[in-house]
Each structure stands twice: as C-alpha cells, then as structure tokens.
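J.: Those sequence lines, one after another, are chains V and R. Position 99 of the first sequence, counted from 1, bears residue number 99 in the numbering used here, the numbering being contiguous throughout. Just remember that the numbering used here sits 1000 ahead of the position in the second sequence, which is counted from 1.
If you are wondering where the hints come from, they were derived from the structure by calculation, not from laboratory data. This one's a predicted model, so the numbers in the text were calculated from it and none came from an experiment. Some clues are possibly wrong.
[As the list claims (entries may be wrong)] Partial list, derived from the structure: chain V residues whose beta carbon lies under 7 Å from chain R:
id	residue
1	22
2	27
3	31
4	39
5	42
6	80
7	110
Quick reminder that beta carbons are idealized off the backbone N, C-alpha and C, glycines included.
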Amino acid sequence: DVKVTQSSRYLVKRTGEKVFLECVQDMDHENMFWYRQDPGLGLRLIYFSYDVKMKEKGDIPEGYSVSREKKERFSLILESASTNQTSMYLCASSLLVGGRGSYEQYFGPGTRLTVT
Amino acid sequence: AQKVTQAQTEISVVEKEDVTLDCVYETRDTTYYLFWYKQPPSGELVFLIRRNSFDEQNEISGRYSWNFQKSTSSFNFTITASQVVDSAVYFCALSDENTGNQFYFGTGTSLTVIP
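Given the sequences, and given the hints that come with them, work out the whole structure.
T.: The following block contains the structure:
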C-alpha cells in the first residue's frame, strides 16, 4: 500500500512565524506535490517536485517555498505566515512518467493550518 | 487551457437511491487522463479511477460506474444503491500532454446520503 504521511493533522501558528510542513512517502515515487484546499476552490497546486532538489511552481506559489533533499521527503515552507494562508494543506506523490502519460497521485491525510 | 467543471456543489440523496456526479473537462490535447477521487470526512483523498482518452469503455466496480463520453467532454460517476458511507466530497481531475504529471482538479461535489 502506498503511504503518504504528513507531520501534523492540525497546526496553529501566529502571523509572521516561519512554518514547516513535512511530507514523507514510502513508495519510492519520483513526483511529490503540495496543494492547498479551500472551500469552493477545490485543490490548487502550490509546488511540485519530480526529483531530489528539483522543484516547479504550481498555480499559487507566492508566499511559499519548498525543499526536497531526499527522495521520500518534501517540505513546504511558509516563510512568514499570514492569515490568508489558513487552509488545508495536502501532500501527494506519484510515479514519474517519461513522455506522455500520467499516473494517479496518492494523498496524505492533510494538515489543517490556522494562522492567527 | 485545461479546466475541470463540477457544476453540482452539493447533492443529497436518501439511502439506496442512485446518484450521478457530473464532470466536464476542457483540454486541447488528444491524449489526456481523467481521475476521480473521494474525500471522506477524515480528509484524505482516496483514488477511485484513472481513465485515458483512448479508452472510452465505461467501467463498473461494484456499486460504482463511470461513463466517459468524449463527444460531450464528460466523465460522469454514478453510485448505485447509495449508502451512508458514500457521503464524501468527490473530485474529478485532469492531466494531459501539456501538464504531464500535474493535475487540474474540479471544485468537488459534496454528497450526503441520508439514512
């Protein structure tokens, strides 16, 4: 079974704090993704990574950065948390497809972040 | 541009009724992939099905069935004889040759099955 774990289910931080969200997958997937989920907006991609130390911006990267030092671990960093970053954050992983094609993504349980 | 539309925001049905969740997609590519996910109240998205654009055969898995119609750019999901455990938010997603490993998700349909 694919397993994607996230470091916290619930997190409360203050405005201006630096926040780290950690994600670990155990299926040797090349791709890892960070999404945020907000009511009425669905899932929006923040960043993704297809290899160690590689990253690509998604649709809403502003205010976020990422780090991928090991294949199994992908971290999302909020450099200076703001109240509009209060959201559910979901991590996912998938196999990398060379050329055409796409494999399903497997998701972690999510981290509900509240910034006060 | 890629886009996925799930026009039904919320649906309520009584247990044992059949229910269809609509998904309409947009893409310029001839090769693309469509997915359905279930998000129960616990929060974790669960993969249900993957379909590529060259395979228009409908699929049935137990009480779940999927109707893929390229002519109408739709990939609808039907639950037969719904159960309370089917209550969840359901997401449709698209990836294509341009986006590759990146998905575009619809905004989701919240299904409530009333006992």
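J.: Take the hints in turn and mark each one as holding or not.
T.: Verification of the hints:
no. : hint : verdict
1   : 22   : violated (16 Å)
2   : 27   : violated (13 Å)
3   : 31   : holds (5 Å)
4   : 39   : violated (9 Å)
5   : 42   : holds (4 Å)
6   : 80   : violated (26 Å)
7   : 110  : holds (4 Å)
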